[in-house]
Amino acid sequence: MSRVVSFEGLWCVFEHRSGQLVNALHDVNFEVQPGEFVCVVGRSGHGKTTLLRVLAGLQPPTAGQIRLGEVVVEGPGADRAMVFQQDTVFPWLHVRENVEFGLRALKVDDEERESTTAHWLDAVGLTDFADSWPRELSGGMRKRVALAAAMAVGSDVILMDEPFGSLDYFTRRNLHDVLLDLWEETQKTVFFVTHDIEEALILADRVILLAEGKLVDDIPVDLPRPRDEDVRASSAAVDITKTILAHLGITEEEATQV
Amino acid sequence: MTSTDVLDVRAKALREKRRRRIASIIYIALGITLFFVAWVLLSLEASPWHYDIPPPFGAVGPFQDILQGVWGLFQGEGAIAHFWRNLGTSQDMKIKFVHACPDLHPANVNNPFRQIISSLMGWKYNADNLLPGQPSPVPIGQLPDYCYGYGIHLLVTIIRILIGAALGTIAGLAIGLSSLVFPKVAQVFTPVASFFGTAPIFIAAPFFVIWFGVEVPIMTTIGLVTFYTTLLMYFFSRRAAENIPVGIVESALTLGGTPRSIFRWVYLPGTVPEIAGGFRIALAGAWGLGVLVEVLGIQVGGGHLIDIWRFLIGQLQAPSALVALITFYGVLAVVVDGILLVLIRYLTRWSEAGRRLGL
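Protein chains in written order, with the working numbering: chain A, 1 to 258; chain B, 1001 to 1359.
Since the hints were made in silico from the structure, they are not lab data.
Hints are supplied without guarantee of correctness; some may be wrong.
The following label-pair restraints were derived from C-beta to C-beta distances [to be verified]:
no.	chain 1	residue 1	chain 2	residue 2	range
1	B	R1021	A	V231	55 to 63 Å
2	B	G1330	A	H16	49 to 57 Å
3	B	D1008	A	H16	51 to 59 Å
Computed, partial: chain A to chain B, Cβ under 10 Å [stated by the list, open to error]:
no.	residue
4	L21
5	T127
6	A130
7	P134
8	A146
9	S155
10	D156
C-beta: ideal position from N, C-alpha, C; glycine also.
All chains should be modelled from the sequences, with the hints used to inform the complete structure.
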């Protein structure tokens, strides 16, 4: 059952060791429709991950709330599975058991659990590696395991915190395709945190821009899919890139120097 | 990577594995040789410990020709030969130590299994019939032969130590891991464990003997080993759980993990490598601790043999097999540790995965 995700007056304040208060999130308000692919973009330390952690229920907000439909988020749950930046597959479980973890926790019966696991392993192309240990896999394959585990648990909303940040360009592009295929098949709502503008252009329906904890822009990405090099070089895509860079306080000259 | 490359990597990994295995065998052989060289040197007449430490090999027993005939080094029976000859039954003990093993008297227990259990309990005969230090009223020859052997004492010690270590491990893990789920357990137990943890256990050992007495070895030997293992396993299990990356636990939570499923599928398997390492350390300490407590006055066990040998040296001029006993426990500890290592490798095969192919 897909539900609207609403961020309502969300504040998240941390106390720095020096005693100074830091506004990680500053009165964030927006709504995400079911099945949307939202990329949250911003500089490091500007609240992207905090936003995702509050949505995951791993971090309580200082003020405000997040609602999934009518339900207020009060803690972590299988309806908001998360794929992390760091390696979080369980190294002591086989690939199959990793994908099964959430289903076991939810006490899904054996037959359904096995068929669901087999389906998602196939969907991410890991059927032949079901009985492997995670340490026998490459970094990209481990991300596929994490993705399959998040999908298998049947979440309405998938949260991804710079999941492909540590991977090489080719593996990352390959995983973008896998993710988009899964998203198109399931029509789940995806929140994808990234600081890579190209990645946002490839994936997103919408870009939420955060700067110093504030939502500074909400940019629709109306580019045709699949978004190959030609699409990303179109004037519409370049305009979006310029808008994002401007909000991040980076001029075109600086961007090309980088 | 082509299939030829994979085969190359595999062959290289296998060569490396073989090299490591050969190196470890050489190290073990070197260690054993050094041990015996040190033993022989300490037992030479020029050594100040000559009277306490008999030579490992003598005119009787293995290598007698080399040691006596060729080198002319030692006379009489070597410690290892003495130890081996007296393992099943010992005439010296039969003559001089009728009461060495009163808890095994057939009047109290009527089959070998119960005799062992009875000796483990250690209270039955002593509590009913014998004051500490009082000679046994049991007539010579009424006890089965093995009651006069060294073997029964060693067996009793091994069983006590393994029982103590097993109980301590269960208790330590139960308290340590449950303290992660129930913080109040940690609040209560951590100060207690920290307090006792600061006192070296070998210093605490005599207090245990004073508190519980020597007539109740279940409370002294087993109790002390249990106590020591519990403390160690509590700290190791907590540290192991704390070392599990927060991200992994958070990932489990967002996948719908309940405290129970996270405990079963995350904490339990994830802590195995460190807990297993802790258990090996605890068991290594437990061997020494168990024997030490027995030396302090318990009437049955390997430690008690040390007391007997002191007497044997003085009264009978028989060689002390003390070093042989130490060697026996050393070998036993290495064998048990080896078995544990195989078991641990099986339980933590996931952590070795990938390394095998050099990935």
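List in ascending order the numbers of the hints, as given earlier, that are violated by the structure. Structure breaks hints 4, 5, 6, 10.
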